[in-house]
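Number of protein chains: 2
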Amino acid sequence: MVIDLKQCAALIKEHNEFVIISHEHPDGDTLGSAFALAEILRIMGKKRVVKCSDIIPKDFYYMTDSYIADDVTDPFIITVDVADEKLLGNMASLYGGRVDLCIDHHVSNTYYAKNTFVEDRAAACGIIYELALELGIEPNLYMRECIYTGISTDTGCFRYQNTTPQTLRIAADLMEKGIDSKKINKLMFETKTKSLLHLELLARNTLEYYFDGRCAIITLTQAMYKESGSAEHECYSITALPRQIEGVLVGAVIKEKEDGTFGISVRTEGDIDASAICSKMNGGGHKGAAGASFSCSYDEGKAQLLNVIKTALDGLNQ
Amino acid sequence: MVIDLKQCAALIKEHNEFVIISHEHPDGDTLGSAFALAEILRIMGKKRVVKCSDIIPKDFYYMTDSYIADDVTDPFIITVDVADEKLLGNMASLYGGRVDLCIDHHVSNTYYAKNTFVEDRAAACGIIYELALELGIEPNLYMRECIYTGISTDTGCFRYQNTTPQTLRIAADLMEKGIDSKKINKLMFETKTKSLLHLELLARNTLEYYFDGRCAIITLTQAMYKESGSAEHECYSITALPRQIEGVLVGAVIKEKEDGTFGISVRTEGDIDASAICSKMNGGGHKGAAGASFSCSYDEGKAQLLNVIKTALDGLNQ
Numbered sequence: 010m011v012i013d014l015k016q017c018a019a020l021i022k023e024h025n026e027f028v029i030i031s032h033e034h035p036d037g038d039t040l041g042s043a044f045a046l047a048e049i050l051r052i053m054g055k056k057r058v059v060k061c062s063d064i065i066p067k068d069f070y071y072m073t074d075s076y077i078a079d080d081v082t083d084p085f086i087i088t089v090d091v092a093d094e095k096l097l098g099n100m101a102s103l104y105g106g107r108v109d110l111c112i113d114h115h116v117s118n119t120y121y122a123k124n125t126f127v128e129d130r131a132a133a134c135g136i137i138y139e140l141a142l143e144l145g146i147e148p149n150l151y152m153r154e155c156i157y158t159g160i161s162t163d164t165g166c167f168r169y170q171n172t173t174p175q176t177l178r179i180a181a182d183l184m185e186k187g188i189d190s191k192k193i194n195k196l197m198f199e200t201k202t203k204s205l206l207h208l209e210l211l212a213r214n215t216l217e218y219y220f221d222g223r224c225a226i227i228t229l230t231q232a233m234y235k236e237s238g239s240a241e242h243e244c245y246s247i248t249a250l251p252r253q254i255e256g257v258l259v260g261a262v263i264k265e266k267e268d269g270t271f272g273i274s275v276r277t278e279g280d281i282d283a284s285a286i287c288s289k290m291n292g293g294g295h296k297g298a299a300g301a302s303f304s305c306s307y308d309e310g311k312a313q314l315l316n317v318i319k320t321a322l323d324g325l326n327q
Numbered sequence: 010m011v012i013d014l015k016q017c018a019a020l021i022k023e024h025n026e027f028v029i030i031s032h033e034h035p036d037g038d039t040l041g042s043a044f045a046l047a048e049i050l051r052i053m054g055k056k057r058v059v060k061c062s063d064i065i066p067k068d069f070y071y072m073t074d075s076y077i078a079d080d081v082t083d084p085f086i087i088t089v090d091v092a093d094e095k096l097l098g099n100m101a102s103l104y105g106g107r108v109d110l111c112i113d114h115h116v117s118n119t120y121y122a123k124n125t126f127v128e129d130r131a132a133a134c135g136i137i138y139e140l141a142l143e144l145g146i147e148p149n150l151y152m153r154e155c156i157y158t159g160i161s162t163d164t165g166c167f168r169y170q171n172t173t174p175q176t177l178r179i180a181a182d183l184m185e186k187g188i189d190s191k192k193i194n195k196l197m198f199e200t201k202t203k204s205l206l207h208l209e210l211l212a213r214n215t216l217e218y219y220f221d222g223r224c225a226i227i228t229l230t231q232a233m234y235k236e237s238g239s240a241e242h243e244c245y246s247i248t249a250l251p252r253q254i255e256g257v258l259v260g261a262v263i264k265e266k267e268d269g270t271f272g273i274s275v276r277t278e279g280d281i282d283a284s285a286i287c288s289k290m291n292g293g294g295h296k297g298a299a300g301a302s303f304s305c306s307y308d309e310g311k312a313q314l315l316n317v318i319k320t321a322l323d324g325l326n327q
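For the protein sequence lines, the chains are A and B, in the order given. Here the first sequence is numbered in the numbering used here, starting from 10 and rising by one per residue. Here the second sequence is numbered in the numbering used here, starting from 10 and rising by one per residue.
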C-alpha cells in the first residue's frame with residue numbers, strides 16, 4: 010500500500026519494537042536515515058535495532074559510536090533508502106517478503122513492502138527529518154548530524170542535480186539549530202585514504218586522449234588495486250575523472266575484473282548518449298552514465314570501444 | 010562612513026552613472042557581485058560599467074556574454090568584495106582614494122571608501138541579493154545566476170566553514186525561482202583543464218610521507234609548470250591535497266618560484282598550528298593555513314621545514 014507521511018507516523022506510533030534495515034554497501038543517506046530513525050524511536054521509548062548487510066565504513070563513527078541496539082522479539086520491519094529488496098544484500102534471506110514499511114526517495118522503488126512511503130523531492134534523510142517533525146520530536150544534535158550526513162552525501166554536498174530548494178532549506182535549519190558541519194564535511198568530502206590516493210596516481214598515469222581530446226580513457230587493472238591496497242568499490246572519484254576534463258565529451262574507465270574480463274564505465278556530456286555507446290557493447294544505462302563489459306582481450310575490447318565512441322562523436326558533426 | 014543596507018540603497022537611487030570594480034585575480038564572488046549589481050542598475054535605467062584589473066576567466070562567459078558597458082562621464086565609484094584598496098590591482102592608480110561606496114563581506118575590510126557597507130554573514134553576492142530586494146528589483150534569471158555563482162564559489166559549493174543558514178536559504182530561493190545550477194556547478198566545480206590535470210599528476214608523483222604518515226609533502230617546480238603548460242595561480246587543488254590525506258596532520262607544498270627561490274604552503278589539522286610552523290621559517294598566516302619562503306637550496310630548505318614540523322608533531326605527544 011502506498012501511504013503518506015501521516016500514515017507513516019501512525020504506523021510507527023502503533024508499534025513498539027522495530028528492525029531498521031539500510032541498503033547493502035551503505036552510504037551516508039541510508040545510514041543517516043537508519044540511525045536518525047533509530048534515535049526518533051529511542052526518544053519515543055520504543056525498542057529498535059539497525060541492520061545492514063555490509064560493514065559500516067569507519068568514517069561514520071559519529072553515527073555508530075553512541076548507538077546501542079535493543080533486544081527485539083517481534084519487530085515491525087522498516088527499510089530506509091532501499092528501492093528494491095535485492096538491495097538488502099545478505100539481509101534479503103532473513104527479511105525478504107517481510108518488510109512492513111519502506112521509506113524511500115527513489116522513483117524506481119519496486120513497492121516490495123506492505124506499506125511504502127516514497128517522496129523524491131529530497132534525500133531519504135530529508136524524509137526522516139519531516140517524519141520527526143510529524144511525530145513531534147525535535148531533532149537533537151545526534152539526529153541532526155545523521156540527517157545532515159544523509160542530505161549532504163546524497164547531493165555531493167549540494168553539487169549534484171538532485172539538490173532541491175527543500176534540500177538546501179533543511180540543511181539551513183539543521184545548521185541553525187547546530188551541527189558540526191566542519192567535522193562532517195571534512196570526513197565526507199575532504200579526506201582521501203592513502204590507498205585511494207595511490208590508486209588515483211596509478212590510474213592518472215594511464216590517461217589517454219583520443220579524437221582531438223574529445224574522449225579520455227583511464228585503465229584500472231587488478232595489479233593496480235593490489236599495488237595500492239585499494240578496493241574496486243572505492244574508485245568512484247576515478248570513474249568521474251575523465252569526463253571532468255575540459256573539452257572531453259566522452260570519458261571512459263576500463264576496469265579489469267578479478268576473473269580477467271573487463272568492465273567499462275562511460276560518462277558523457279551534452280548530446281552524446283552513454284547508454285547508446287554501451288548498448289553497442291552489450292551494456293546499458295542512462296544518457297549521461299552507462300556501463301558494459303567484455304571478455305575478449307584488453308586491446309580488442311578497447312579498440313571496439315574506441316570505434317563505437319568515434320561513431321558517436323562523428324554523429325555530432327552531421 | 011559605515012552605512013547600512015537602506016543607506017546603501019539610497020546612495021544608489023541618488024546617482025545615475027556608476028563604475029563597479031571587482032578585485033584583482035577575479036573570482037566568482039567578486040564577478041557575480043559586480044555583474045548582478047550592473048544588472049540591477051540597468052533595470053533601474055542607470056548607466057554603468059564593470060571594471061577589473063585582470064582578464065575575466067572564460068568560464069564566467071554566462072555573466073559576461075550579454076553584458077554591454079554604458080558610457081559614463083561622471084560616475085559614482087563602487088567596489089564589490091574588495092577588502093583593501095590594494096586589491097584593486099592596476100585599477101588602484103585610477104580609482105585609489107576615489108571609491109564612493111564599498112560593498113563587502115570581509116571583517117578585515119580597511120574602510121578605504123567614503124561609504125562602506127560590510128556584512129559578514131554571507132558571500133558578497135548575498136549582499137547584492139538583499140540589495141536588489143531592498144531596491145524593489147525582482148532578480149531575473151541572469152541576476153540569479155550571477156548571485157548563485159558568487160555564493161556557491163565563495164563557499165566551495167556549501168562545503169566550507171563560511172557556509173551559513175542564510176547562504177543556504179538564498180541558494181534555495183534562487184533555485185526555486187529558477188537557475189541552471191547544473192551548468193554553473195559543472196563549470197565551477199566539475200571541470201579540470203588538461204594543463205592542471207597534467208600538473209596534478211606531476212605533483213602527485215612527488216608526494217612523500219614523513220613521521221609515520223602524519224606529514225605529507227608535495228613539490229612543484231618551474232619545470233613542471235612549463236611541462237604542463239599551467240600557471241602557479243591555478244594550483245589551489247594541489248595546495249589543498251596533502252592535508253586531505255587520511256592521517257596527515259601537516260600537509261606542505263614547496264613551490265619553486267621563477268627566481269629560483271622557494272615558497273612553502275602549510276596546511277594543518279587539529280592542534281597543530283601552521284602559523285607557528287611558518288613563523289620559524291620567517292613566514293606566517295593562520296592556525297590552519299600559513300606560508301613561508303626560503304632562498305637556500307631545495308634540500309636545505311626542506312630539511313629545515315621537516316625539522317620544524319617534527320618539533321610540532323613531537324609537541325603533540327607531550
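Because the hints were derived from the structure by calculation, they are not lab data. Among the clues, some could well be false.
Since the list can't tell identical chains apart, any single copy or any two copies may satisfy a pair.
Mimicking DSS-like on lysine-lysine, the simulated pairs with C-alpha atoms at most 27 Å apart in a straight line are [stated by the list, open to error]:
1. Lys186 x Lys266
2. Lys266 x Lys123
3. Lys296 x Lys203
4. Lys22 x Lys319
5. Lys67 x Lys235
6. Lys296 x Lys319
7. Lys311 x Lys266
8. Lys266 x Lys296
9. Lys191 x Lys201
10. Lys201 x Lys95
11. Lys191 x Lys296
12. Lys67 x Lys15
13. Lys192 x Lys319
14. Lys192 x Lys266
15. Lys191 x Lys56
16. Lys55 x Lys289
17. Lys266 x Lys67
18. Lys60 x Lys311
Please read these numbers as outputs of a predicted model, since none were measured by experiment.
Here is what the structure says about each hint:
1. Taking the shortest alpha-carbon separations for Lys186 and Lys266, neither the intra-copy value of 46 Å nor the inter-copy value of 46 Å comes in at or below 27 Å.
2. With identical chains, the CA atoms of Lys266 and Lys123 are never at most 27 Å apart, being 38 Å at best within one copy and 67 Å at best between copies.
3. When the C-alpha separation of Lys296 and Lys203 is checked against a cutoff of 27 Å, the pair qualifies only between copies, where the shortest distance is 24 Å, while the shortest distance within a copy is 33 Å.
4. For a Cα distance limit of 27 Å, the shortest separation of Lys22 from Lys319 qualifies neither inside one copy, at 59 Å, nor across copies, at 57 Å.
5. Taking identical chains as interchangeable, the C-alpha atoms of Lys67 and Lys235 lie at most 27 Å apart only when both belong to the same chain, with a minimum of 22 Å there against 41 Å between chains.
6. Taking the shortest alpha-carbon separations for Lys296 and Lys319, only the intra-copy value of 17 Å comes in at or below 27 Å, while the best inter-copy value is 51 Å.
7. Taking CA atoms no more than 27 Å apart as the test, Lys311 paired with Lys266 passes inside one copy only; the shortest distance there is 15 Å, against 42 Å between copies.
8. Proximity of Lys266 to Lys296 under the C-alpha cut-off of 27 Å is restricted to the intra-copy arrangement: shortest distance 24 Å within a copy versus 45 Å between copies.
9. Within a single copy, Lys191 and Lys201 get their C-alpha atoms as close as 16 Å, and across copies as close as 25 Å, so both meet the 27 Å cut-off.
10. Within a single copy, Lys201 and Lys95 get their C-alpha atoms no closer than 30 Å, and across copies no closer than 37 Å, so neither meets the 27 Å cut-off.
11. Only between protomers do Lys191 and Lys296 lie at most 27 Å apart by alpha-carbon distance; the minimum there is 15 Å, versus 35 Å within a single protomer.
12. Neither within a single protomer nor between protomers do Lys67 and Lys15 lie at most 27 Å apart by alpha-carbon distance, with minima of 34 Å and 50 Å respectively.
13. Taking the shortest alpha-carbon separations for Lys192 and Lys319, only the inter-copy value of 25 Å comes in at or below 27 Å, while the best intra-copy value is 45 Å.
14. In this homomeric assembly, Lys192 and Lys266 never come within 27 Å of each other (Cα to Cα): the closest approach is 35 Å inside a single copy and 34 Å across copies.
15. When the C-alpha separation of Lys191 and Lys56 is checked against a cutoff of 27 Å, the pair qualifies neither within a copy, at 32 Å, nor between copies, at 43 Å.
16. Proximity of Lys55 and Lys289 under a CA criterion of 27 Å is satisfied in neither setting, with 53 Å inside one chain copy and 57 Å between copies.
17. Taking identical chains as interchangeable, the C-alpha atoms of Lys266 and Lys67 lie at most 27 Å apart only when both belong to the same chain, with a minimum of 26 Å there against 41 Å between chains.
18. Proximity of Lys60 to Lys311 under the C-alpha cut-off of 27 Å is found in neither arrangement, the shortest distances being 41 Å within a copy and 50 Å between copies.
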